[in-house]
Amino acid sequence: MSVRRLAVEQPDGFEFSRENLEWANAQLKKYPDGRGQSAVLPLLWRAQEQCGGWLPEPAIRYIAELLNMPHIRVYEIATFYTMFNLESVGKHLVQVCKTTPCWLRGSDELERVCFEEIGKPESISPDGNFTWRRVECLGACVNAPVVQINADFHEDLNAQSFRTLLSQLRAGETVAAGSHAGRHASEPGSGEDGNANDEQETLHFNGFK
Amino acid sequence: MSDAKQINLTVDGTKVSVDPGTTVLQACEVAGREIPRFCYHDRLSIAGNCRMCLVEIEKAPKPVASCAMPAADGMIVHTKTPGVHKARKGVMEFLLINHPLDCPICDQGGECDLQDQAVAYGTDGSRFAENKRAVEDKYIGPLIKTVMTRCIHCTRCVRFACEVAGTPELGAAGRGEDMEITTYLEHAMTSELSGNVIDLCPVGALTSKPYAFTARSWELEHTQSVDVMDALGSAIRIDTRGQEVMRILPRTFDAINEEWLSDKSRFIWDGLKNQRLDKCYLRGEDNRLRPCRWEQAFEYIEANTRDVPPEKRAALVGDLACAESIAALGDLMRSMGAPHLDCREPLSPLGRNAEGGRVRRGSYLFNSSIAGIDDADAILLVGADVRREAALLDARLRKNWRRSGTTIGVIASTTSVPPRDYESVRLGEGASALQQLIEPTSEDARRFRNLLDVAQRPMLILGQGALNRIDGAKIYDMALALAQQTGMLGPEWNGFNILHTNAAQVAGLDLDFLPRQGGLDSAGIRKGVTDGGIEWLYLLGVDTHLPQQNKNAFIIYQGSHGDAGAAFADVVLPAAAYTEKSATFVNTEGRVQSAKRALFPPGDAREDWTILRRLSDVLGCRLPYDDAFALQQSMISQAPHFAERDQLVPLSNAEKPEPVRASMPLRDDPFVSTVDDFHLSNVVARASAVMAQCSRLANKK
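As they're listed, the protein sequences go chains Y and B.
For the first sequence, the working numbering begins at 1371 and goes up steadily by one.
For the second sequence, the working numbering begins at 80 and goes up steadily by one.
Mixed in with the good hints, there may be bad ones.
Derived lysine-lysine pairs resembling DSSO-like cross-links, with alpha carbons at most 30 Å apart [to be verified]:
{"id": "1", "chain 1": "Y", "residue 1": "K1490", "chain 2": "B", "residue 2": "K352"}
{"id": "2", "chain 1": "B", "residue 1": "K779", "chain 2": "B", "residue 2": "K358"}
{"id": "3", "chain 1": "Y", "residue 1": "K1468", "chain 2": "B", "residue 2": "K779"}
{"id": "4", "chain 1": "B", "residue 1": "K168", "chain 2": "B", "residue 2": "K141"}
{"id": "5", "chain 1": "B", "residue 1": "K138", "chain 2": "B", "residue 2": "K211"}
{"id": "6", "chain 1": "B", "residue 1": "K779", "chain 2": "B", "residue 2": "K352"}
None of these hints come from the bench; they were simulated from the model.
None of these values were measured; they are calculated from a predicted model.
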């Protein structure tokens, strides 16, 4: 992790779209009177979505004023949580898990693909499609190595399937999230469940296939 | 608290008994144990993030941060075991990992908590071989210098800005090791109390910008004195090196300033070196002021006074004059038989009733005392722009509001009061809103009136903005009537308060420096100068509301700085500033306090009362005192409370507020503060480059 700063270039202003404003007002109703500040995280998140995946400075100010908070308080939150991107990102934000299980299962390879296909971490690829970064455990170690692209987890990747995934995304195709090795969930990679002798369990899993 | 069950615990074998809600750290202090700390501060909320205050508590598995642990019955606390020492040593090693070793070039050096505590808990080396963190310095205004690499993330400054100053401008951006203290987009702090974060910072991350690299703490001489920038009389310490004021710091005085100080009081000192009058001046034939010797000045005064009849002589007192000089000037005027003297701003009704008689002392004091604000349970501000007129009083109001949620009603011009961070109820802008509270017809007024009626200790703060106007006396009567109706003037509680803006004001009123029978008041004297009614005027540090023109009056100005008053005068007599004389000031509560001389006045300048004493010789009406002690005895014979220094003498019933019984039509223009620029409100401030910079910044918004 490193020092996070606001982007140098910022848009002139920010305002919630009509739908988002309605949504925000509905969120505020969830909290008792005068406690609307508790909605700061969801609102910042929605603002980030509206801005195409990053949080410009005017949006921080806008939300502070919407929630009647000092600007600095919202700024603190936006700089604290790494899920808020303070600089613009590509259409697909690729987060490569680098924690031990994924690393043992080949995240180095995925990282190399990123360098080749996208470029340097934290920078937008020339075609504007991708930004990638290394992250700590994404919490899907059983399906390592894992990559999170925007809101989706892509699991059981290797260099080849990851490369295919990126080219599909680049072509604008919709790619199914989840395992790329044909697993449904986190059953053993052999396709069998761990208790082969237990007929019922096998059936159970087969039933899902 | 006394009836609640006390908590008994043992600290290092000493049994102590503390109130419920006390922390272990405070209990250790009661037991006489000093606990090292960085983030914990008595007057701020508890953060518990520096971990320096670790102690061992029996049956606790690990060392405990004592500042954040409530004391409990039967606790056995150890503060001196090898385990505690080792734990604190570990914390210190962590703190020093990223702290630069730049003490030799750090202004905090010599008075640094980290330095001091590293002596006790530091190791001789570090096991940390990696690079140290480096942090960019932030701009947070012209008063505070930042060296953010030194920051140890105690967040005292953030909590101060948020809790005490009420301007939540500082924050901690980022996280973990990369956390940085900053303002939003590095704008300058707007608080009038921002300088206090310098004192709070336990390391050298936030230091005084004007003081930067000018002195070391151990080469300074400390003089305990009293501030005169507002009428609160905050306790200060003047640090001098030789004949130069290097800085001004607050002293802890719970009754007035706790341990804070407003920026104006703290950063004024460069104004004490600029624009100083260090010679006498005479206005020559060519209408220009020329330097001269004292003898020449006195001869010139004598020559120009001889033919002026006493009933054409007048004297005015400015905002920074000490009680001694007011007393001496008053005695001088009296012995000359001149009736025109006034220590008030123009139009102020204080001190005299409608018939011209003297009013009781309680009529012009902050009767509840400043600390009394903490007890008030409903507060009404009338024409008092507290943040500009007495920034620390504003912090007191906020403290009460934070603790008790007290409703604070405001009657003042919307333009004059900058927004504060406590909830206040706007009741109106002028006299009609006050009338509403006396006889409520509107719903808002009725509701607030009800609050005042129900309150046990209601308080009214009447500011100069409501008094210094043509109908000021009437407004005073109305405010007092409201105070009486709502039970502010009870036997135990006196919530009727006048907030003064001039440090000299209460002493002037106490010494009855007011028009004699047939004498003109402050506005009248000024008018007299314009139309010829007054032919001789003594200005004791008066630089505001000077007459537009002078028909043929002979004007003598005595003061410390070359400001408007000196430019207006025919003779200028150089006097000492408040740091250069041992003098008495009476604050808005009526507390008599002594300012101490920290250095000598520059050049030919002399202590104020000695100038007047010499002048009395020249004018042939010798004042009966030859030293400061005799003068003070004479003051005490005029006003006995001058004998009681530093403490507040409770008012007797015979001194309770009384109405002036004025009759005049009310005007309905809003109450506008008399202080229009916080940073430039007196001669010293106007001579200060630092204050000019602050003012420019504040007015830009």
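**Report entry** Violated hints - listed by number, lowest first
**Finding:** Violated hints: 1, 2, 3, 5; rest satisfied.
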